[in-house]
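In case you want the letters, here they are:
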Amino acid sequence: MSGLVREVAVVAFAQTVHTGHDTGLAEPELLLPVIDEVKRATGLKRFGFTCSGSCDYLAGAPFSFVSALDAVGAWPPISESHVEMDGAFALYEAWVRLQHGDIDTALVYGFGKSSMSDIREIMTLQLDPYYLAPLGLDQVSYAALQAAAAGAERAVLDEIVRRSRADGRANPYALDLPDPSGEEFEVEPLRPYDVAPVTDGAAAVVLAAGDRARELAGRPAWITGIAHRAEPHYLGMRDLSRSVSTADAGRAAGVGKGPVDVAELHTQFSHEEPILREALGLSADVTVNPSGGPLAANPVMAAGLIRVGEAARRILDGSAGRAVAHATSGPCLQQNLVAVLETSA
Amino acid sequence: MGNRCAVIGVGQTRYQTRRRDVSLAGLVREAALRALEDAGLTFADIDAVVIGKAPDLFEGVMMPEAYLADALGAAGKPVMRVHTAGSVGGSTALVGASLVQAGVHGRVLVVAFEKQSESNATWALTTHLPFNASLVVGAGGYFAPHIREYMRRSGAPDHVGTLVAVKDRLNALKNPYAHLRIPGINREMVESTPMLWEPIRYLETCPSSDGACAMVLAAEDKVTGTPAWIHGTAMRSEPITVAGRDVVSPRAGRDCAADVYRQAGVTDPRREIDVAEVYVPFSWYEPMWLENLGFAAEGEGWKLTEAGCTALDGDTPWNASGGVLSSNPIGASGLIRFAEAALQVRGMAGEHQVEGARLALGHAYGGGAQFFAMWIVGSSKP
Numbered sequence: 001m002s003g004l005v006r007e008v009a010v011v012a013f014a015q016t017v018h019t020g021h022d023t024g025l026a027e028p029e030l031l032l033p034v035i036d037e038v039k040r041a042t043g044l045k046r047f048g049f050t051c052s053g054s055c056d057y058l059a060g061a062p063f064s065f066v067s068a069l070d071a072v073g074a075w076p077p078i079s080e081s082h083v084e085m086d087g088a089f090a091l092y093e094a095w096v097r098l099q100h101g102d103i104d105t106a107l108v109y110g111f112g113k114s115s116m117s118d119i120r121e122i123m124t125l126q127l128d129p130y131y132l133a134p135l136g137l138d139q140v141s142y143a144a145l146q147a148a149a150a151g152a153e154r155a156v157l158d159e160i161v162r163r164s165r166a167d168g169r170a171n172p173y174a175l176d177l178p179d180p181s182g183e184e185f186e187v188e189p190l191r192p193y194d195v196a197p198v199t200d201g202a203a204a205v206v207l208a209a210g211d212r213a214r215e216l217a218g219r220p221a222w223i224t225g226i227a228h229r230a231e232p233h234y235l236g237m238r239d240l241s242r243s244v245s246t247a248d249a250g251r252a253a254g255v256g257k258g259p260v261d262v263a264e265l266h267t268q269f270s271h272e273e274p275i276l277r278e279a280l281g282l283s284a285d286v287t288v289n290p291s292g293g294p295l296a297a298n299p300v301m302a303a304g305l306i307r308v309g310e311a312a313r314r315i316l317d318g319s320a321g322r323a324v325a326h327a328t329s330g331p332c333l334q335q336n337l338v339a340v341l342e343t344s345a
Numbered sequence: 001m002g003n004r005c006a007v008i009g010v011g012q013t014r015y016q017t018r019r020r021d022v023s024l025a026g027l028v029r030e031a032a033l034r035a036l037e038d039a040g041l042t043f044a045d046i047d048a049v050v051i052g053k054a055p056d057l058f059e060g061v062m063m064p065e066a067y068l069a070d071a072l073g074a075a076g077k078p079v080m081r082v083h084t085a086g087s088v089g090g091s092t093a094l095v096g097a098s099l100v101q102a103g104v105h106g107r108v109l110v111v112a113f114e115k116q117s118e119s120n121a122t123w124a125l126t127t128h129l130p131f132n133a134s135l136v137v138g139a140g141g142y143f144a145p146h147i148r149e150y151m152r153r154s155g156a157p158d159h160v161g162t163l164v165a166v167k168d169r170l171n172a173l174k175n176p177y178a179h180l181r182i183p184g185i186n187r188e189m190v191e192s193t194p195m196l197w198e199p200i201r202y203l204e205t206c207p208s209s210d211g212a213c214a215m216v217l218a219a220e221d222k223v224t225g226t227p228a229w230i231h232g233t234a235m236r237s238e239p240i241t242v243a244g245r246d247v248v249s250p251r252a253g254r255d256c257a258a259d260v261y262r263q264a265g266v267t268d269p270r271r272e273i274d275v276a277e278v279y280v281p282f283s284w285y286e287p288m289w290l291e292n293l294g295f296a297a298e299g300e301g302w303k304l305t306e307a308g309c310t311a312l313d314g315d316t317p318w319n320a321s322g323g324v325l326s327s328n329p330i331g332a333s334g335l336i337r338f339a340e341a342a343l344q345v346r347g348m349a350g351e352h353q354v355e356g357a358r359l360a361l362g363h364a365y366g367g368g369a370q371f372f373a374m375w376i377v378g379s380s381k382p
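Quick mapping for you: the protein sequence lines, in order, are chains Y and P.
For what it's worth, UniProt numbering labels the leading residue of the first sequence as 1, then goes sequentially.
For what it's worth, UniProt numbering labels the leading residue of the second sequence as 1, then goes sequentially.
Derived by calculation from the structure, the hints in this document are not laboratory data.
Where a beta carbon is used, it is the ideal one built from N, C-alpha and C, also for glycine.
It cannot be assumed that every hint is accurate.
What the simulated footprint calls covered on chain Y by chain P, stretch by stretch (three residues with Cβ under 8 angstroms from a Cβ of chain P suffice, anywhere in the stretch; the number is not a length) [unchecked claim]:
1) 48-62
2) 74-83
3) 160-174
4) 184-197
5) 271-280
Anything over 10 angstroms on all C-beta distances counts as not near chain Y; from chain P, calculated [stated by the list, open to error]:
6) Arg18
7) Asp21
8) Glu59
9) Val61
10) Ala74
11) Lys77
12) His128
13) Arg152
14) Met189
15) Trp197
16) Arg201
17) Gly299
18) Gly308
19) Gly347
Required output: the full structure, derived from the provided sequences and hints.
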């Protein structure tokens with residue numbers, strides 16, 4: 001980043017009560033209540049900019065974001081864009097747009113129904129179509145490569161899943177999943193419970209700049225740093241035991257500039273938590289994923305945005321002073337976004 | 001609008017039915033390297049990469065930006081992937097420009113592509129979401145009724161679409177990158193082709209192309225070479241169905257144009273904009289957008305087309321490059337419009353250069369004529 005950065009904060013966050021199965025709702029029907037909720041919370045009906053994140057492949061049809069506009073109420077027409085990425089990257093685009101200085105508010109949302117398809121197989125289609133996808137390497141298989149490379153201890157992973165599921169049971173929006181049990185492997189060294197559950201859901205966030213943020217929220221969650229970085233796609237070109245791009249993004253976002261009370265990490269597999277903790281330099285006393293994290297509810301394309309929302313919520317409700325949010329995209333944590341949220345700008 | 005931003009490099013691939021000689025990565029890299037060469041830069045000079053394309057179903061690769069990061073020199077950098085339907089190429093340019101205008105980055109590479117030979121676009125556009133009704137078969141089936149309604153309202157004679165089809169293909173003969181370069185193209189040839197969706201004949205539609213387009217965008221202190229300065233940027237979206245929506249002249253298009261004209265200080269677009277690259281995938285969209293964009297009064301757009309005003313030697317040239325009717329790698333088509341606008345004001349459009357072009361409009365639309373992206377670029381600083 002160069003030059004002056006405009007103060008921007010999360011002023012509202014809402015998410016669906018996520019489900020582990022299809023409830024028969026179309027995407028706009030999932031979205032409408034959460035968008036209504038952030039509109040009510042802020043009293044805003046129109047926003048300077050709107051940006052969303054979703055993935056056509058979840059529904060197996062093009063333009064999933066088109067019908068989602070019905071939930072926004074884009075009439076009269078709105079200034080709007082969409083990323084074929086997690087909603088956290090839509091939030092980044094909106095944060096950038098707010099830096100221009102001519103608008104003061106932005107609506108961001110993400111949504112996904114992974115119940116409608118086989119996410120494990122779909123994620124294979126994200127790989128290089130010439131050299132990697134034909135190998136049939138599915139999402140859990142390549143995650144297992146990373147888990148093996150990281151050499152995470154079974155007891156550590158079990159405890160991460162136990163804690164995440166317990167926190168998830170205490171979170172009214174997350175799934176109710178039992179304590180992990182069973183000795184069988186999904187793909188060695190990962191057990192079925194190391195894999196984030198199939199989840200349908202949506203989330204929405206409102207960003208506001210400067211004094212507008214102070215008007216809209218008692219304790220705005222100021223984004224004091226936000227950055228993202230990509231790594232090479234080919235797994236063989238990376239040290240899978242580390243997340244260099246998370247470390248770089250964390251440095252650019254200023255994670256290490258102060259103590260961290262809580263971190264919400266986009267961990268779609270249990271072994272990613274120690275990798276991300278190390279990359280972000282989070283000490284053992286930092287509370288990670290008090291919401292339960294993606295291991296307790298993983299609505300694909302909203303799960304990263306929910307990390308930002310959950311981190312912001314703890315600033316908004318006064319339970320934390322400085323929080324870190326992380327979102328990821330691509331195989332084996334290829335691309336990572338890190339945001340720092342604080343009580344003062 | 002934030003900090004000043006300029007286009008300092010443009011790169012295009014030759015657009016054609018099939019590029020069997022390159023992978024997806026090879027295709028985007030070809031355009032990116034040409035844009036970097038134009039700017040006198042290398043990948044090392046780029047701070048961030050923005051990738052745009054239309055539905056991933058076209059190539060069967062989900063979120064291909066992850067795979068394409070390597071070919072675009074993006075490792076260690078931020079990568080964004082934009083998808084706003086047919087307007088995505090334009091939106092990709094705007095997201096890239098936004099990063100510079102925000103002061104976040106000094107130089108951004110934007111790349112958009114489609115390799116439509118990997119699938120059948122009409123059918124890729126026809127599958128529908130679970131729990132939603134399927135409304136259309138392909139784009140032509142969706143837009144033809146809107147065109148018929150335009151003809152009814154305006155009383156435009158039947159041959160106006162043919163004139164656009166000929167004019168844009170004549171321009172394409174002057175553009176070495178254009179896909180459809182048809183020697184001897186004329187009205188008889190267009191009128192002899194089969195009717196696909198009344199009133200759209202085969203030669204009144206865009207082709208299905210493989211191709212990529214890239215641009216290097218720079219902050220004022222990072223400008224190299226010949227800049228095209230951004231004078232205004234705007235996006236607008238409206239729902240595909242809402243009571244009172246006018247699908248013939250969508251309000252989102254009018255609002256978007258008004259916004260970008262206000263930023264650029266344009267009050268009379270036909271007089272003040274020297275050349276426009278406008279997303280015309282079906283011939284009749286030229287007169288329709290002439291009205292929607294305020295170049296002509298309502299019901300009068302077809303008269304400009306008929307009088308030759310939009311020809312390369314007319315008083316308000318539209319699609320000097322040959323436009324979408326001549327080259328259509330869908331995800332890139334919007335970015336090509338934005339890039340061709342930049343080439344014109346840089347004086348680098350070659351044989352299809354509009355003499356003395358100083359201010360140009362780049363336009364893209366998508367979805368059910370509901371997503372709009374526009375920019376105005378100029379040879380001088382805003």
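Results of checking the hints against the structure:
Counting residues of the stretch 48-62 of chain Y whose CB falls under 8 angstroms from any CB of chain P gives 8; the rule of at least 3 is met. Only residues whose C-beta sits within less than 8 angstroms of a C-beta in chain P count toward coverage, and the stretch 74-83 of chain Y has 10 of them, enough to reach three; the restraint holds. Counting residues of the stretch 160-174 of chain Y whose CB lies closer than 8 angstroms to any CB of chain P gives 0, so the stated coverage by that chain is violated, three being the minimum. With a threshold of 8 angstroms between beta carbons, the proposed coverage of the stretch 184-197 of chain Y by chain P is violated, since 0 of its residues qualify and at least three are required.
Chain P is given as covering the stretch 271-280 of chain Y, and this is violated because 0 residues of the stretch bring a CB closer than 8 angstroms to a CB of that chain, at least three being needed. Every Cβ of chain Y is farther than 10 angstroms from the Cβ of arginine 18 of chain P; the closest lies at roughly 16 angstroms, confirming the non-interface assignment. With 10 angstroms as the threshold on Cβ separation, the claim that aspartate 21 of chain P sits away from chain Y holds: the shortest Cβ distance comes to roughly 13 angstroms. For glutamate 59 of chain P, the shortest C-beta to C-beta distance to chain Y comes to about 7 angstroms, within the 10 angstroms cut-off, and the non-interface label is violated.
With a cut of 10 angstroms on Cβ distances, valine 61 of chain P falls inside the contact zone with chain Y, its closest approach being about 5 angstroms. Annotated as non-interface, alanine 74 of chain P brings its C-beta within 10 angstroms of a C-beta of chain Y; the closest such distance is 5 angstroms. The claim that lysine 77 of chain P is not at the interface with chain Y is violated, since a C-beta of that chain comes within 10 angstroms of its own (minimum 6 angstroms). Not every CB of chain Y lies more than 10 angstroms from the CB of histidine 128 of chain P, the least distance being 5 angstroms, so the non-interface label is violated.
With a least CB separation of 24 angstroms from chain Y, arginine 152 of chain P remains clear of the 10 angstroms interface cut-off, as annotated. Residue-level check passed: methionine 189 of chain P sits 33 angstroms from the nearest beta carbon of chain Y, beyond 10 angstroms. With a minimum CB-CB distance of about 19 angstroms to chain Y, tryptophan 197 of chain P clears the 10 angstroms threshold, and the non-interface call stands. Annotated as non-interface, arginine 201 of chain P keeps its C-beta farther than 10 angstroms from every C-beta of chain Y; the closest such distance is 26 angstroms.
For glycine 299 of chain P, the non-interface assignment is confirmed: its Cβ lies about 22 angstroms from the closest Cβ of chain Y, beyond the 10 angstroms cut-off. The beta carbon of glycine 308 of chain P sits about 33 angstroms from the closest Cβ of chain Y, which is more than 10 angstroms, so the claim that it is off the interface holds. The non-interface label for glycine 347 of chain P is consistent with chain Y: the shortest C-beta to C-beta separation is roughly 29 angstroms, beyond 10 angstroms.
Checked against the numbered hints given earlier, this structure breaks hints 3, 4, 5, 8, 9, 10, 11 and 12; the rest are met.
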